[in-house]
Every structure is written in C-alpha cells, then in structure tokens.
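**Student:** Residue numbers (our numbering), protein chains in the order written: chain A, 27 to 520; chain B, 113 to 251; chain C, 6 to 126.
Rather than coming from a laboratory, the hints here were simulated on the basis of the structure.
A hint or two may mislead.
[Stated by the list, open to error] Per the computed footprint, the stretches of chain C lying under chain A, defined by three or more beta-carbons under 8 Å from a beta-carbon of chain A, are: (1) 10-16; (2) 47-55; (3) 61-72; (4) 98-110.
Positions of the beta carbon are idealized from the N, C-alpha and C atoms, including for glycine.
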Amino acid sequence: MTLESQLPALQIVLPLFGALLCALLRSGSLAWLVALVVSLAMPVISALLLMQVQDGGFISYELGGWAPPWGIEYRIDVVGAYLVMLVSVIGALIMPYARASVAKEIDADKQAWFYTMYLLCLAGLLGIAITGDAFNIFVFMEISSLSTYVLIALGKDRRALLSAYQYLIMGTIGATFYVIGVGLLYAATGTLNLVELTARIAEIGPTRPVLAALAFLVVGISLKLALFPLHVWLPNAYTYSPSVVSAFLAATATKVAVYLYLRFLFSVFGVTVVFEGLPVPEIMLVLSIAAMFGASIVAVFQDDIKRMLAYSSVGQIGYITLGIGLANKMGLTGGVVHLINHAMMKGALFMAIGAVVYRIGSSKLDDLAGIGRKMPATTIVFALAGLSIIGTPGTVGFVSKWYLALGALDKGWWWLVFLLVASSLISMVYIGRVIEVVWFRPLRHTGPEVRDVPVSMLAPMAILAAATVYFGLDTSLTAGIARRAVDILLAGAP
Amino acid sequence: MKLDLILRITAKLMLPFMLMFAFYVQFHADYGPGGGFQAGIIAAAMVILYGIIFGLPAAQKVVPARLAEFMVPLGVVIFAGVGAIAMLMGGEFLNYSVLLSDSVRGQLIGILLVEIGVLVTVSGTMIAIFYTFAGRGRG
Amino acid sequence: MTIISEIVANYNQWITIFLMVSGLYIVVARGNMVKKLVGLSLFQTSVYLLYTSPGKILGGTPPILDPDFTVYSNPLPHVLILTAIVVGVATLALGLALVVRINEEYGTIEEDEIFPEKDGE
Chain A
27 MTLESQLPAL QIVLPLFGAL LCALLRSGSL AWLVALVVSL AMPVISALLL
77 MQVQDGGFIS YELGGWAPPW GIEYRIDVVG AYLVMLVSVI GALIMPYARA
127 SVAKEIDADK QAWFYTMYLL CLAGLLGIAI TGDAFNIFVF MEISSLSTYV
177 LIALGKDRRA LLSAYQYLIM GTIGATFYVI GVGLLYAATG TLNLVELTAR
227 IAEIGPTRPV LAALAFLVVG ISLKLALFPL HVWLPNAYTY SPSVVSAFLA
277 ATATKVAVYL YLRFLFSVFG VTVVFEGLPV PEIMLVLSIA AMFGASIVAV
327 FQDDIKRMLA YSSVGQIGYI TLGIGLANKM GLTGGVVHLI NHAMMKGALF
377 MAIGAVVYRI GSSKLDDLAG IGRKMPATTI VFALAGLSII GTPGTVGFVS
427 KWYLALGALD KGWWWLVFLL VASSLISMVY IGRVIEVVWF RPLRHTGPEV
477 RDVPVSMLAP MAILAAATVY FGLDTSLTAG IARRAVDILL AGAP
Chain B
113 MKLDLILRIT AKLMLPFMLM FAFYVQFHAD YGPGGGFQAG IIAAAMVILY
163 GIIFGLPAAQ KVVPARLAEF MVPLGVVIFA GVGAIAMLMG GEFLNYSVLL
213 SDSVRGQLIG ILLVEIGVLV TVSGTMIAIF YTFAGRGRG
Chain C
6 MTIISEIVAN YNQWITIFLM VSGLYIVVAR GNMVKKLVGL SLFQTSVYLL
56 YTSPGKILGG TPPILDPDFT VYSNPLPHVL ILTAIVVGVA TLALGLALVV
106 RINEEYGTIE EDEIFPEKDG E
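Just chain A, same shape as in the assembly (with noise of 0.2 Å):
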C-alpha cells in the first residue's frame, strides 16, 4: 500500500504514538517538543485527506484489513475531512502556545503526563470524525473524554477537581446513553457500521426500537456538545482547566460532537425520518433559541471572564444546533460554517485570557482594568474575536448568522430573524463590558512583568484573529466547503 492510501490510519496512530513517546519520556519540555511535531504534522495530513474528498467522494480504509462490514472502516467524506481539518489546524495553532502557558500553570512533573493526555484526546477526537463505524465512536469518545477529563483535573484551582468529576458523570452518562442507542440499532438492524445502518434504517423504517435508539443517541450527544439544558458541566469545567485546555476544548470537543450529531441525524436516519416524521426541528428550535438568550444573558453577569466567554460558547452551541432544526440548505449551511468560525473566534478568546493569566495570573474581570495599555497586542486579539461573536459585519460571526437568517427567511420565519439580532445585542452586552473595562479603567496591576506576551504565544492567536477577519471577508474557502458538506447531508448521502 501506498502512503497515501495509509493517510486515514496515520491520522490517528501519529498522536497515539506521541502519547506514548510522552509518557516513557517523563520530560516536559522532550513531551512537548513531541506533541508539537505531531501536532504540525496533522493539519499536513488532514490537508492530504481533504482534498482528496473534496469532490463529493469518500476514502475508505479497511482497519486490520478486515473488509466491512465485519471489520472496522475508516470512512472520510467531506463532512469527516472538514472537522479533521478543523481540529488538526486547532491542535496545530495550540501547541506553540502551550509551552510557555503550560509551564507556568503545570507543575513540572506533571507536565510530561499533560502532553500525553493531550495528545490522547487529540487522536480520540479525530477518531471520531474518522471512523464509520458506530462502536468505534464511542470508544474514541470515550478516550477523547477521559484524557479530557484528566486534562481538566490538572488544573491550578481545587475547583479543577470537582468540575473534573462533575464532567466526568455527566460525561459517562452521556456516552453511555449513546452505547444504549447503538446497541439499539445494531439489534434493530444487525449492523454498525454507519454506511450499512443507513440503508437498512431506510429499509426497515422507523419502527420502536429505532426510534428509541434515535432518542438516547440524541440525548447522548447532546450532554457531550452541551446543548442547553445539559450544559450544566461546561461552564465549570472550562473555567477552572489550564487555558490552554479550555481554548483547546472550546475550539474542539463541542465542534466533533456536533459532527456526531450530523452524521447521525442526517446520514443514518435519514432527514425524512427525523424531520419530517418527529417534532426534532421544533425541540431543536426551542433548546437553541434558549441558549442562544438564557446562556448569553447569564454570560453577561459573569465577573471571571473564562466563565463568561464558557457561557457564551453554551449560547454559540445554540447558533449551530439551530441551524441543525432549520435543515434547509441555507441554515444547515449557517450551523456547519458556525462550527469552524465559533472555533477560530472561541480559540483566539480563550488564548487571550490565557496570556492574561499568564501574566497576571487571574482571570477576574476587575484584575484585568486597564490591561489594554500594559497588553495592547492580546486585547487588541480579544477584541476582533469579541467583535466576530458579536456577529459584526466582516467577521466570521456575521457570515454564520446571515446565512442562519437566509435560511430562516427560507421557512418564512421572519420572527427568528429578529431573535438572532436580539442575541447578538447580547452578546454586545458582555464583549463590550470586558473591551470596556480593559481600556477604559485605570490600570490595577502595575509592574514589569505586566506586558504582552512572548511571540509563541501571540502568534497563535493573531493568526486565529486575522483568520476571524480574512474568512469574514472571504468567505469561499469555509462557506464553499460547508455548502459542499450540507448538500451531501441533506442528499442523505452516508
């Protein structure tokens, strides 16, 4: 075999292999340096791998040689292709800035451990959007879960511990719920694989049990992507993490359980089944139009600005599942580009309160008075990517919600256009209070050590910034793909 037909299995065996080097290492600064070769090298490979697929096609790799269905396929489409893209160019950009952030918030015996655990939950994530084989889904989840949960756990705060196992319950309960639905379809069906339970379900229509199966994968899903009312262990979890964990996650974890969601609601049960049959998009309107508002105004009464900018990634969850309920080409298109803008525009938030505590050591948003003039670079970054969330014209925010209000347009629901306005005004609300306080306060922490940040660490997240503008501009590159990943989608195409 070729290299290029090993592509699907080197995206996952590549981290797993840099995990392991890092735990026999046991050096922090050797890990690190491991992590960050494997993390340059995936967006290389998910670069090979997308172009690939971009044309409507798909790669199939028979793992273990044992051809579907018995064996375990890796099966990558445009959809695949667009969230291995998103999460390799995530882990890319974080590991240049973890080493100075990392040293300074992980004990140094620790941090060798920290690697690995990253590493781990990098390949689990990307496993995820990978595979096409329903089982093997939920044991990536589960080894993308538990290194996140330990990664969470490794934080400075005690608090770190508790939100790790409140995380964790609700973690398992969640993927528990989803084994209960696979283990549904496969008795259904006989099946696991994903390409072969969409044709059966097809055939074999919604009967109870699939039905069953389709609620407890929904709910299953919905606790990892914190879909409203099951978001309780988000806002914990990123605020008492190591900054680089919560930009990681924000950027990442939430995003591939929503690839999970697509796959499932639109490739496996097919949109007639879903849609057309069952109140989804109506419940889906509902729980997103309630984060986008309930999240959002609790944001704006948050005075730890990690916990704010947590609460708005609950209320930004909201813009994509909502695009997920309208299901017409122009919403769903509005979701999935969301899903690559709200990962450049959190990415670069969370990395610019990481360089404040890097330097001040808080995240409170009174501790950070002043900052502006002391740290103009990393608020000047905070303050793009606060105007990309606000949805500003020229910024990725504003393209996800003009296509979201196209294809409100397109049901005719003019009322929701309004609604996305409202919330964005929210959002004005706690983005401005922070820019406000940054620049307009006079200075609280004074001192030398009160400057901006070393270059390995801004560089990542201005080119996140600039990203949220230039695709803001240019929108052909995220829009152009996500177009291409919805008509597969709403073609139902596995």
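Guided by the hints, dock chains B and C onto chain A, whose structure is given.
**Tutor:** Just chains B and C now, with coordinates in the frame of chain A:
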C-alpha cells in the same frame, strides 16, 4: 501481622502458582478462554497480594513503581508497534496477515505479540493503581 | 395474564432496564461521590447486559466452525462489551482517583458539604 505465619506461608506458596496460571491463561488463549487482559490482571494480582501481606516496600522491591509506570505505555507501544509494522510491510494498520509470508502464521504471530502488549499494559496499570492508592497519605 | 407472560418472556430486558434505571437513580439521588460512582458503574454494567443477552442464541454453540453444528451464538456483542468493560473500568478508576484527590483537598466527599451555598449558585 508479622506473627501471622499461616497467612505468610500460604501466600508464599500461592504466588508462583498465580504467576504460572497467569502465563497459562496468556498462552492458552488460542485454544480456550483467556488472553492478555485476564493474564495481566492475574499477574498483577500476584504482586498486589504480595504487597498486601508483606507490605508495600517489599512489593516495590520486586516491581519498582517506575517499572510499573513504564510498563503502561510500553505495552501499548508493543500493541501499536505491531500495527505500525504491518503498515510498513504494506498492509493496513493492525493487518497481521502481512507480517509473515504465510498469512495464517502471520495472524498467529500478530495476535500473540499484541496479547503480550496487552499483558504488559494491564498488569502495569493495575500495579501502578495499587501503588498510587496504597502509598497515599503516608508522606 | 398476557402482561405477565410478556415480562417473563423478555426477562433479560427487564433486568437490564431495572439495573439501568436504578444506576441512574443512584447517580442523581446520592450526594456521596463514591456512591455516585457506584451508581454510574451499575448504569454502565446494565448496558453490557443489553448487548450480550440478545447475542446468546438458545441452542447455539460458540462460533467456531464445525460440520456438526449449524447454529452459532453471535460473538460480536461480547467483543464490543469487552471494549466497553475496559472503558468502564478506566472511567471508574479515574473517577475514584479524582474522589481521592477531592478528599485530600476538601476533607470530605459529600457533595452537600462541599457546596453548602448551593442555593446561591
């Protein structure tokens, strides 16, 4: 505890048989129930029993904590390494058939190596967990 | 009468559902963190039953090809559940490790002692 002769002697008598049973379960897995998981647990149980009866320092003299922690990734390296070698030899990841020219023998050797990897990881993990919890709160 | 016979006929499903619901109940209702993990473990274990019990076919033999037998049990659920058991063990071990660390930091593993001001939260 020191005076409890019966416990100490029975344990000493049992230990070699436990290890032997572990290897029996490991290598007999081709023909009967068993495999790396079960064998790894049984092998680790031997060390853990030794630690419970003779104290943690004695057990750590036999299997140092660093060794146990080293075994955890090492076993996975063996497992994934077999997969990677299969990739180098022109098959898919974990396709054992290409390991030897005779595909049946290749599969046999592949699964054997993988099970040894599982044995190493599982026993290492169990011993490491035991050490970590047993060593807590003693400074 | 038909209800009873139906329950008896599908007794494995009823056991699964009973374990599942009681596990989930323990997770929700208990404040002790170790008890919560016990409940979580029970919840996961019920899934093992959900998978493996339909895999056994009455009168079926282990799936090793033999000219004398034609009916085999389905081995796949067992393989899947072997993986799920490992995942469950890993989750439980990690959860317990976290509880140990929480006990060291807070001096308790009762949730209502850690969050006394829960109403204000």
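**Student:** Of the hints given before, which are not true for this structure?
**Tutor:** Structure breaks hints 1, 3.
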